[in-house]
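Sequences and hints are given; from them, build the entire structure.
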Amino acid sequence: MADPLYSICDLKLSLPDMARKPLFGPAPKIEILKGLSFELPRNAITGIVGESGSGKSTLGRAMVRLLEPTHGSISFDGDDLTHLTESALKPYRRDLQMIFQDPMSSLNPRRTIADIIAAPLRQYGLVDNLPQQIAQALDRVGLPQSFASRYRHELSGGQRQRVGIARALALSPKFVLADEIVSGLDVSTQAQILALLDQLCRQMGLTIAFISHDLSVIRRLCEQVIVLRSGEIVEMGNTSDVFDAPRHDYTRELIAAIPLPEPDTHWLDMETVG
Amino acid sequence: MTPCLTITNLSATLPGGARVLRDVSLDVNPGEVRALVGESGAGKSMIGKAILGVLPSSVRQVSGEIFLDGQDLGALSASKRRILVGANVALIPQDPLTALNPSRRIGSQMTDQLIKILGWNSAKAYTRIRQLLDEVQIRDRERVLRSYPHELSGGMRQRVLIATAFAAEPKLIVADEPTTALDVTVQKQILRLIATMQRQHATAILFVTHDLGVVAKISQQVTVLYGGMIIEQAGVSDLFADPQHAYTRALLRATPRYNDPDARVEPVQPDVLAGLQNELAANDHAWEKHLG
Amino acid sequence: MPSEHTRPHRFNTRLWLAGGWLLFALALALLAPWIAPHDPLAQDLLYGRLPPFWSEGAEPGLWLGTDSLGRDLLSRLIYGGRIAFMVAFAAATAACLVGSTLGLIAGYFGGWPDRIISRIVDIWMSFPPVLFAILLVAVLGTGLHSVIIAIAVIDWTRFCRVIRAEAMVQSRMDYVESARIAGFGRIGIMIKEVLPNVMPSIIALLSLEMGIAIIVEAILSFVNLSIATDDPTWGGLIAEGRLSIHQAWWVLVFPLIALFLTVLSFSQLGEGLKQRFDPILR
Numbered sequence: 000m001a002d003p004l005y006s007i008c009d010l011k012l013s014l015p016d017m018a019r020k021p022l023f024g025p026a027p028k029i030e031i032l033k034g035l036s037f038e039l040p041r042n043a044i045t046g047i048v049g050e051s052g053s054g055k056s057t058l059g060r061a062m063v064r065l066l067e068p069t070h071g072s073i074s075f076d077g078d079d080l081t082h083l084t085e086s087a088l089k090p091y092r093r094d095l096q097m098i099f100q101d102p103m104s105s106l107n108p109r110r111t112i113a114d115i116i117a118a119p120l121r122q123y124g125l126v127d128n129l130p131q132q133i134a135q136a137l138d139r140v141g142l143p144q145s146f147a148s149r150y151r152h153e154l155s156g157g158q159r160q161r162v163g164i165a166r167a168l169a170l171s172p173k174f175v176l177a178d179e180i181v182s183g184l185d186v187s188t189q190a191q192i193l194a195l196l197d198q199l200c201r202q203m204g205l206t207i208a209f210i211s212h213d214l215s216v217i218r219r220l221c222e223q224v225i226v227l228r229s230g231e232i233v234e235m236g237n238t239s240d241v242f243d244a245p246r247h248d249y250t251r252e253l254i255a256a257i258p259l260p261e262p263d264t265h266w267l268d269m270e271t272v273g
Numbered sequence: 000m001t002p003c004l005t006i007t008n009l010s011a012t013l014p015g016g017a018r019v020l021r022d023v024s025l026d027v028n029p030g031e032v033r034a035l036v037g038e039s040g041a042g043k044s045m046i047g048k049a050i051l052g053v054l055p056s057s058v059r060q061v062s063g064e065i066f067l068d069g070q071d072l073g074a075l076s077a078s079k080r081r082i083l084v085g086a087n088v089a090l091i092p093q094d095p096l097t098a099l100n101p102s103r104r105i106g107s108q109m110t111d112q113l114i115k116i117l118g119w120n121s122a123k124a125y126t127r128i129r130q131l132l133d134e135v136q137i138r139d140r141e142r143v144l145r146s147y148p149h150e151l152s153g154g155m156r157q158r159v160l161i162a163t164a165f166a167a168e169p170k171l172i173v174a175d176e177p178t179t180a181l182d183v184t185v186q187k188q189i190l191r192l193i194a195t196m197q198r199q200h201a202t203a204i205l206f207v208t209h210d211l212g213v214v215a216k217i218s219q220q221v222t223v224l225y226g227g228m229i230i231e232q233a234g235v236s237d238l239f240a241d242p243q244h245a246y247t248r249a250l251l252r253a254t255p256r257y258n259d260p261d262a263r264v265e266p267v268q269p270d271v272l273a274g275l276q277n278e279l280a281a282n283d284h285a286w287e288k289h290l291g
Numbered sequence: 000m001p002s003e004h005t006r007p008h009r010f011n012t013r014l015w016l017a018g019g020w021l022l023f024a025l026a027l028a029l030l031a032p033w034i035a036p037h038d039p040l041a042q043d044l045l046y047g048r049l050p051p052f053w054s055e056g057a058e059p060g061l062w063l064g065t066d067s068l069g070r071d072l073l074s075r076l077i078y079g080g081r082i083a084f085m086v087a088f089a090a091a092t093a094a095c096l097v098g099s100t101l102g103l104i105a106g107y108f109g110g111w112p113d114r115i116i117s118r119i120v121d122i123w124m125s126f127p128p129v130l131f132a133i134l135l136v137a138v139l140g141t142g143l144h145s146v147i148i149a150i151a152v153i154d155w156t157r158f159c160r161v162i163r164a165e166a167m168v169q170s171r172m173d174y175v176e177s178a179r180i181a182g183f184g185r186i187g188i189m190i191k192e193v194l195p196n197v198m199p200s201i202i203a204l205l206s207l208e209m210g211i212a213i214i215v216e217a218i219l220s221f222v223n224l225s226i227a228t229d230d231p232t233w234g235g236l237i238a239e240g241r242l243s244i245h246q247a248w249w250v251l252v253f254p255l256i257a258l259f260l261t262v263l264s265f266s267q268l269g270e271g272l273k274q275r276f277d278p279i280l281r
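Residue numbers (numbering that gives the first Met the number 0), protein chains in the order written: chain X, 0 to 273; chain U, 0 to 291; chain D, 0 to 281.
It should be emphasised that the hints constitute simulated quantities derived from the structure, not laboratory data. Every residue gets a Cβ at the ideal spot worked out from N, C-alpha and C, and that includes glycine. Misleading hints may appear alongside valid ones.
Examples of chain X residues lying across from chain D (beta carbon under 10 angstroms, computed) [what the hints assert, rightly or not]:
(1) Val63
(2) Pro90
(3) Leu95
(4) Gln100
(5) Pro108
(6) Arg110
(7) Ile115
(8) Pro119
(9) Ala169
(10) Leu176
Structural data, given as structure tokens:
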């Protein structure tokens with residue numbers, strides 16, 4: 000791949016397994032990511048799909064370096080991020096943004112929407128004409144200006160998610176991680192958010208990693224897809240290739256398990272592969 | 000044929016007088032799966048709660064009747080109603096973890112209803128649930144019976160709840176988003192299990208969901224709701240082949256499909272939402288008139 | 000649409016009743032030298048054990064009667080309030096500052112800071128609190144300062160435990176992670192993001208602690224380990240009243256009522272404030 004934004008090589012990551020923690024002493028480590036290697040093309044949306052326990056959220060958090068890998072390397076835009084300390088990461092943070100699954104929990108309840116969007120701008124000393132910057136950020140995600148003075152509990156689920164997107168984009172980052180950002184939304188709201196993300200990716204030349212468990216959503220939005228299972232890459236490639244001609248049984252099984260909105264009395268009787 | 004469940008003109012309000020259910024009328028025939036589908040706030044779960052008599056304390060049923068097997072639930076005393084509903088209606092809940100008491104063994108929770116409502120003795124109840132655990136394909140059932148909920152996986156817990164729901168041979172099961180919390184592959188297994196059990200036991204199911212894909216695969220009849228109001232009711236093949244209401248069409252267009260190469264997904268358009276608001280307003284108007 | 004935000008601020012009777020009593024009592028205490036009808040220390044053995052104004056044999060101007068040494072009970076109550084409030088504010092604030100800071104650090108950082116702080120709290124809390132206080136005052140010597148220090152030293156653990164748990168919950172929220180994404184440092188996040196969200200709990204606890212401090216001070220006074228001077232304290236009044244319960248019940252009852260109302264008001268105020276400052280509706 001010519002000049003990818005991310006190059007990830009043999010990435011391994013272990014976390015303490017709290018469920019098996021003995022009464023005294025530290026919890027044993029459990030390997031969540033078991034050696035992943037892939038590249039992320041620029042100005043495109045790459046889907047990361049997997050079921051619970053696949054490690055997709057852990058992978059995302061390692062990519063934006065909220066977690067430190069135990070092995071392997073993460074190269075971002077030519078720079079090695081793998082073991083940078085928090086202070087060394089600071090210059091990169093503005094290019095590594097994230098949109099969270101639950102906007103209720105990711106927006107501080109005690110701050111106004113304007114305050115939430117302004118926080119990253121203030122942090123990086125990019126405040127120039129704040130009211131105008133906030134107006135632009137709201138406008139970008141299709142929210143009315145009157146929302147600037149509101150709090151998170153005054154917004155609907157879809158509106159909260161738009162605020163989450165506005166905040167992530169306030170710094171005009173190179174990369175945005177979107178972690179299950181539509182899974183809590185109604186289909187009509189989900190369709191709006193997907194359309195918005197698609198449009199923003201093109202307008203702003205963003206590179207997006209879109210984590211989801213929903214293959215239909217991935218198909219709608221992403222050019223590339225990575226299928227994860229138990230911390231390993233099962234299959235990756237162009238979305239249309241993977242969906243039209245899945246090479247791995249697990250991918251086939253995943254696809255076959257999606258209930259399409261088309262009545263079919265035989266679908267339930269079909270055995271899943273494997 | 001008497002419908003297993005008949006609901007007529009059911010309305011329920013919040014303390015301010017705002018209605019969460021607006022003149023809902025529907026039937027579920029014996030052995031039939033009716034899906035209740037809608038987005039959040041559509042009132043789909045409220046209907047199930049009204050049948051089971053577990054509406055939140057702030058919600059009040061202000062009109063309408065619920066008939067179970069021809070028997071008007073409103074005409075019964077609270078205790079008679081509880082016994083009738085307990086013996087004939089079961090629930091498959093959304094969250095299999097919070098639905099089970101974490102500090103009691105699975106076996107004792109599964110036999111609760113059989114012993115307390117049907118008055119069976121313990122031995123008979125255990126024989127029955129062992130049989131059901133076999134039916135839901137739980138292999139080491141003795142271990143499961145002795146387990147606590149946290150020792151089982153999500154899919155396993157949902158199987159236990161399905162077995163519990165069918166144990167008393169209820170006429171009607173309310174399934175409230177039973178697969179929403181599960182992975183797709185597990186969801187398919189659970190849907191298949193519910194469908195198989197439903198056919199074997201000829202149980203009627205009121206299947207609450209937000210997922211049109213699940214609706215298409217599990218149900219024979221569909222009720223589409225918005226804002227507590229019924230938008231459209233039809234047989235499943237008619238509804239998907241020829242949806243009558245603009246909102247139903249919009250919902251279908253908003254649902255992404257992996258097999259659609261163009262993958263067009265269209266949000267619900269403003270004119271459709273405006274139309275819905277008008278319908279809600281007209282319904283409110285009629286309601287106020289009815290109240291006088 | 001979520002209807003939560005439309006919930007109106009209802010007039011909170013509990014909050015206003017409690018606040019009203021506390022303001023009244025505080026005003027009396029602050030203005031004691033001007034308001035108190037008599038010198039609280041002036042003895043007049045001719046006027047000993049006079050009953051309150053509605054009883055037979057009451058003396059005009061001595062509204063709540065006198066104690067065995069003929070001192071005006073109302074004036075002593077008002078002056079006792081001064082010490083009660085001083086102890087309440089100083090001790091509770093000190094306990095709050097120490098406890099909340101440590102709790103916030105333990106809950107937010109986790110790991111070894113949490114282990115160390117939590118162990119200290121565990122050990123601290125296994126001493127019987129009143130005995131601990133008596134011991135402390137015995138070591139520090141009697142006096143207002145010792146009482147305040149003793150209460151703060153004992154009760155910071157209460158703040159530490161609750162705030163640690165709250166901070167842990169808040170730290171797991173995505174907005175904390177999102178602040179890291181925005182490039183904030185750990186300490187900045189703790190102060191700017193987590194602290195405001197545990198503030199309602201801190202305020203509620205602070206108010207509750209003021210009530211508890213008054214009680215502890217009263218207990219210390221009762222066992223004669225509070226301030227050494229003759230200045231009247233509510234606990235001291237109760238102790239005196241106990242000796243003459245059969246001859247002059249009022250010497251015991253009026254300080255008890257003042258103590259009861261004030262402590263109850265502090266706890267109600269805390270609850271009310273928490274609700275008031277927490278319109279966040281998680």
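A quick look at each hint next to the structure:
1. Val63: X:Val63 check passes; min Cβ-Cβ to chain D is 6 angstroms, inside 10 angstroms.
2. Pro90: Because about 9 angstroms separates X:Pro90 from the closest Cβ in chain D, which is inside the 10 angstroms limit, the hint holds.
3. Leu95: holds, 7 angstroms
4. Gln100: holds, 8 angstroms
5. Pro108: Since the shortest Cβ distance to chain D is 4 angstroms, the answer is holds.
6. Arg110: holds, 8 angstroms
7. Ile115: holds, 8 angstroms
8. Pro119: Result: holds, 4 angstroms to nearest chain D Cβ.
9. Ala169: holds, 9 angstroms
10. Leu176: holds, 9 angstroms
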